[in-house]
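The working numbering puts the first residue of the sequence shown at 1, with every later residue one more than the last.
It should be emphasised that the hints constitute simulated quantities derived from the structure, not laboratory data.
Being a predicted model, the structure only gives us computed values, none of them experimental.
Among these hints, one or two may not hold up.
As the list claims (entries may be wrong) - Distance condition first, Cα-Cα at most 16 Å in a straight line; then the derived EDC-like pairs of lysine to aspartate or glutamate:
no. : residue 1 : residue 2
1   : Lys103    : Asp52
2   : Lys130    : Glu53
3   : Lys103    : Asp120
4   : Lys68     : Glu38
5   : Lys103    : Asp121
6   : Lys75     : Glu133
7   : Lys110    : Asp28
8   : Lys166    : Asp132
9   : Lys75     : Asp132
10  : Lys26     : Asp82
11  : Lys68     : Glu123
12  : Lys103    : Glu53
13  : Lys68     : Asp36
14  : Lys110    : Asp120
15  : Lys110    : Asp121
16  : Lys130    : Glu25
17  : Lys130    : Asp168
Stated by the list, open to error - Label pairs and their in silico Cβ distance ranges:
no. : residue 1 : residue 2 : range
18  : Glu109    : Glu71     : 22 to 30 Å
19  : Tyr39     : Asp120    : 30 to 38 Å
20  : Asp28     : Asp121    : 16 to 24 Å
21  : Asp62     : Asn18     : 31 to 39 Å
22  : Ala105    : Pro74     : 23 to 31 Å
23  : Glu123    : Ser83     : 31 to 39 Å
24  : Ile84     : Ala42     : 16 to 24 Å
25  : Asp10     : Glu106    : 35 to 43 Å
Note that the Cβ used here is the ideal one computed from N, Cα and C, for glycine as well.
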Amino acid sequence: MAKRREQETDLTPAEATNRIWELAEKIDVCMFVTWDGEYNRARPLSARVSRDENAIYFLVNDDSAKNKQLETYPKVTLAWSDSIHYKYVTISGPAVVTNDRQKIAELWEKTDAAWWDTADDPEIRLITVKPDEGELWDSPGIVVATAKMVFAAVTGAKPNVGENAKVDL
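Modelling step: build the complete structure from the supplied sequences, incorporating the hints.
If you want it as structure tokens, here you go:
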């Protein structure tokens, strides 16, 4: 069960957890951030979100630098951004690279053909992230957020532009 770690929201921990999973699935492409021992490295990847399995999956090339980084530093951060609607999510957790051919075939989508011919391509690997914490910033939208920021600037008050919640997943 998720517990509240930071309170800037009226959401319960369960509601915040549900919203984090919902936004991650809806936004799809995230910045997949690894550590190489000296720098954080980020790259956009299409996420296959499966709350039922408490996992987020990625199809990647076998020879990718991120795979080598994960061998030494398995903790990753995933960051989704829907800047048009002012909705943002981060999820962190350990990641592992496997050659699970059955899961690769299960996750295969038509758009993957842009990178590989078929799900049987021997160069495809699967990264599985098991989330252990998440955070969301969920605004009612640009018009409302902008109006609240303008009002705050005029009055000197701090704007409340939406929900911010951090939970253990």
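Hint-by-hint comparison with the structure:
1. Lys103 with Asp52: Roughly 15 Å between the alpha carbons, so the hint for Lys103 and Asp52 holds.
2. Lys130 with Glu53: holds, 9 Å
3. Lys103 with Asp120: It holds: about 11 Å lies between the C-alpha atoms, which stays within 16 Å.
4. Lys68 with Glu38: Status holds; Cα separation ~14 Å.
5. Lys103 with Asp121: Answer holds: Lys103 to Asp121 is near 13 Å, not above 16 Å.
6. Lys75 with Glu133: The given pair, whose Cα atoms are some 11 Å apart, holds under the 16 Å limit.
7. Lys110 with Asp28: holds, 15 Å
8. Lys166 with Asp132: Distance of about 11 Å is within 16 Å: holds.
9. Lys75 with Asp132: holds, 10 Å
10. Lys26 with Asp82: Between Lys26 and Asp82 the Cα gap is close to 9 Å, so the pair holds against 16 Å.
11. Lys68 with Glu123: holds, 15 Å
12. Lys103 with Glu53: Holds, at about 12 Å.
13. Lys68 with Asp36: holds, 9 Å
14. Lys110 with Asp120: With Cα atoms ~13 Å apart, Lys110 and Asp120 stay inside 16 Å; holds.
15. Lys110 with Asp121: Satisfied, since the Cα-Cα distance of roughly 14 Å is no more than 16 Å.
16. Lys130 with Glu25: Holds: Lys130 and Glu25 sit about 15 Å apart, inside 16 Å.
17. Lys130 with Asp168: Roughly 12 Å between the alpha carbons, so the hint for Lys130 and Asp168 holds.
18. Glu109 with Glu71: 22 to 30 Å: Once the Cβ atoms are compared, 27 Å apart, the range 22 to 30 Å for Glu71 and Glu109 holds.
19. Tyr39 with Asp120: 30 to 38 Å: holds, 35 Å
20. Asp28 with Asp121: 16 to 24 Å: Roughly 22 Å apart at Cβ, these two residues keep to the hinted range, so it holds.
21. Asp62 with Asn18: 31 to 39 Å: Because 35 Å falls inside the window, the suggested range holds.
22. Ala105 with Pro74: 23 to 31 Å: holds, 24 Å
23. Glu123 with Ser83: 31 to 39 Å: Between Glu123 and Ser83, where Cβ atoms are some 33 Å apart, the hint holds.
24. Ile84 with Ala42: 16 to 24 Å: holds, 20 Å
25. Asp10 with Glu106: 35 to 43 Å: holds, 38 Å
The structure is consistent with each of the numbered hints, conforming to all of them.
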